[in-house]
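Colleague: Please take these sequences and the hints and turn them into a complete structure.
Chains as they are written, first to last, in the numbering used here: chain A, 1 to 99; chain B, 1 to 168; chain C, 1 to 347.
A hint or two may mislead.
As the list claims (entries may be wrong) - Partial list, derived from the structure: chain B residues whose beta carbon lies under 7 Å from chain A:
| # | residue |
| --- | --- |
| 1 | GLU5 |
| 2 | ALA8 |
| 3 | ALA13 |
| 4 | THR14 |
| 5 | SER28 |
| 6 | LEU78 |
| 7 | SER79 |
| 8 | CYS104 |
| 9 | PHE110 |
| 10 | VAL134 |
| 11 | GLY135 |
| 12 | LEU152 |
| 13 | VAL154 |
| 14 | ALA160 |
| 15 | LEU163 |
| 16 | ALA164 |
Calculated directly from the structure, the hints in this document are not laboratory data. Backbone N, C-alpha and C fix where the C-beta goes; we use that ideal spot for every residue, glycine too.
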Amino acid sequence: MAPQSMLILSALLFAIGVFGVLWNRGAITILMCVELMLNAANLAFITFARQFDQADGQIYVFFIMTLAAAEAAVGLAIVIALFRLRESTDVDELNLLKW
Amino acid sequence: MATLETVAFVLLATLAVVSALMVVFHRSPVISALSLAFNLVSIAGFYLFLNAQFIALLQVIVYAGAIMVLVLFVIMLLSITTEQGLHRSGRVQRVAAPLLSAACAGVLVFAVARGSEGEAFVVSSADFGTVRQVGLELFSTYFYAFEAISLLLVVAMIGAVLLAKKRL
Amino acid sequence: MELEPLLISFAKIFVVSQVLMVGVALMTWVERRLSAIIQYRVGPNRVGPFGLLQPIADGIKFVMKDETLPEGSHKPLFVLAPAIAFVTALCAFSVVPFGPVVEIFGRSVDLVILDLDGGMLFALAATGLGVYGIVCAGWASRSKYALMGGLRASAQMVSYELALSLAAIGVFLANGTLRPTVIVEMQAGWFLNWNVFGGFQMLGFLLFMIAGYAETNRLPFDLPEAESELVSGYHTEYSSMKFSMFFMSEYIAMITMSALTVTLYLGGYNPGFPTGDLSGWALWGLQIGSFVAKVGCLLFLYVWVRWTLPRFRYDQLMHLGWKRLFPLALFNLVVTALLVAFDVIKA
Numbered sequence: 001m002a003p004q005s006m007l008i009l010s011a012l013l014f015a016i017g018v019f020g021v022l023w024n025r026g027a028i029t030i031l032m033c034v035e036l037m038l039n040a041a042n043l044a045f046i047t048f049a050r051q052f053d054q055a056d057g058q059i060y061v062f063f064i065m066t067l068a069a070a071e072a073a074v075g076l077a078i079v080i081a082l083f084r085l086r087e088s089t090d091v092d093e094l095n096l097l098k099w
Numbered sequence: 001m002a003t004l005e006t007v008a009f010v011l012l013a014t015l016a017v018v019s020a021l022m023v024v025f026h027r028s029p030v031i032s033a034l035s036l037a038f039n040l041v042s043i044a045g046f047y048l049f050l051n052a053q054f055i056a057l058l059q060v061i062v063y064a065g066a067i068m069v070l071v072l073f074v075i076m077l078l079s080i081t082t083e084q085g086l087h088r089s090g091r092v093q094r095v096a097a098p099l100l101s102a103a104c105a106g107v108l109v110f111a112v113a114r115g116s117e118g119e120a121f122v123v124s125s126a127d128f129g130t131v132r133q134v135g136l137e138l139f140s141t142y143f144y145a146f147e148a149i150s151l152l153l154v155v156a157m158i159g160a161v162l163l164a165k166k167r168l
Numbered sequence: 001m002e003l004e005p006l007l008i009s010f011a012k013i014f015v016v017s018q019v020l021m022v023g024v025a026l027m028t029w030v031e032r033r034l035s036a037i038i039q040y041r042v043g044p045n046r047v048g049p050f051g052l053l054q055p056i057a058d059g060i061k062f063v064m065k066d067e068t069l070p071e072g073s074h075k076p077l078f079v080l081a082p083a084i085a086f087v088t089a090l091c092a093f094s095v096v097p098f099g100p101v102v103e104i105f106g107r108s109v110d111l112v113i114l115d116l117d118g119g120m121l122f123a124l125a126a127t128g129l130g131v132y133g134i135v136c137a138g139w140a141s142r143s144k145y146a147l148m149g150g151l152r153a154s155a156q157m158v159s160y161e162l163a164l165s166l167a168a169i170g171v172f173l174a175n176g177t178l179r180p181t182v183i184v185e186m187q188a189g190w191f192l193n194w195n196v197f198g199g200f201q202m203l204g205f206l207l208f209m210i211a212g213y214a215e216t217n218r219l220p221f222d223l224p225e226a227e228s229e230l231v232s233g234y235h236t237e238y239s240s241m242k243f244s245m246f247f248m249s250e251y252i253a254m255i256t257m258s259a260l261t262v263t264l265y266l267g268g269y270n271p272g273f274p275t276g277d278l279s280g281w282a283l284w285g286l287q288i289g290s291f292v293a294k295v296g297c298l299l300f301l302y303v304w305v306r307w308t309l310p311r312f313r314y315d316q317l318m319h320l321g322w323k324r325l326f327p328l329a330l331f332n333l334v335v336t337a338l339l340v341a342f343d344v345i346k347a
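Modeller: Take a look at the structure:
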């Protein structure tokens, strides 16, 4: 098993995440696709950490995981607040500032 | 000749990609969230392939066990159902999304394939991926980052509570 | 791929899973007889001597019952949910060392299924994944009561996971490792060496036990499945074998939590006195026996507490978890860290 296969898989998952963010309209689904992208990046980090036998990649993944947790919490709080206003999570309805 | 390792890798990779596609395409947000949880656990399986035991366990505990439960909570409490599914995109999106993501995939796969040809994993030291190694690095080299991220977590907690309150 | 370690692992997995199943059956009998004694009545005593064959009769009843699948429920998840709860509860037991390294037929076998470097984290991860079984059951039933019960149960489990993990970190600090086999080895000798006494983890032990009761949804924390509250909580719509799988997974979680408590705080398989010159199967039998005895004592405590205390209201439960246990666990962590730093505990 070579680093190449892991990195190609990571690139594929990232592209699926990008597609999900662009394709979907529900706010929570978009958040989940962002989590997919973060995980693809995590996989790449760990692959490189293993390739050079260092701990640094793992530390970065530790921090990215923590950041993802914080981001998910705040993002979901925003979704809840918006849901109270609009009764829907469609991101296309958040157009109050549109000219 | 396919070794056990290659078979396991292909199986796990298929599971990861299929669950990622289900996250993107399924109508029901609850099934999307559960597929994402499954995807996260399969990524933890990949970490185990790469000898990163501590991070694999952390992935299951933090990501699959806490963050996705939070997402599921919000989906179920807000009763976001398929009728509000909103998975049909506008006309521009229908064309732009596949093109852009295919371009992104193409660029990344090309870069990776060209850049890591013929590279192989070194034999990892016995210490790699253990709690001890990660812990020592975390509290010595990355100490300031560690303190900063605990501050960030406090800020995120306060922010989340304030944003979700009905009246301040 | 060597065949022999694989076969040894399979044998261990088989033995442990069968013992756990028998343990679950025994626990149902123990629960009914003990509750009867506490309530000053006689429990089941018709089927077999002292009613010991009652679990078999219960099993036959469950198999014969009619399986219902509510209309409008999400069928794949409805069927999968009890399986998730069951499998994660079983997986959590795989890191518990129930005996030392023994010699069977000339091969040395370590009596633990998974000797991971981050072993205790695996147990926490498996119990954390058990939440999904409850959430899926609640949602897939498409019933208001089931959904509310499922959400309450999962919120409770996630909240008390915090107190559980923080209390366990005290032990990891005191012993300097996360590996269950090493934690047990460091508690050898007199029972004063056990983490609850010599490791100054009395508060941690209490917190771990209370959080363990909440994690397994046992009284006094069983509001999510209380019969008088939300009909039957998240398993309202379940019947027959699927219900009995939830039932069994709850007992397996109980046994696993007791085993984890024994491993972390009560010396694991150490008998609590120095065994001197004892060796071979005399020593190993004593060690495995003392492990089983300690787990049995904790299970007795589980049943005793259930039939003695009234249950918590949901907001009282959350208040206890977040505003009392969590600060106490942090306090325990700080005190343990100070004790290790000043060499009072030799890590």
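Colleague: If a hint holds in the structure, say so; if it does not, say that too.
Modeller: Here is how each hint holds up against the structure:
no.	hint	result
1	GLU5	holds (6 Å)
2	ALA8	violated (9 Å)
3	ALA13	holds (5 Å)
4	THR14	violated (10 Å)
5	SER28	violated (10 Å)
6	LEU78	holds (5 Å)
7	SER79	violated (10 Å)
8	CYS104	holds (5 Å)
9	PHE110	violated (9 Å)
10	VAL134	holds (5 Å)
11	GLY135	violated (9 Å)
12	LEU152	holds (6 Å)
13	VAL154	violated (10 Å)
14	ALA160	holds (4 Å)
15	LEU163	holds (4 Å)
16	ALA164	holds (4 Å)
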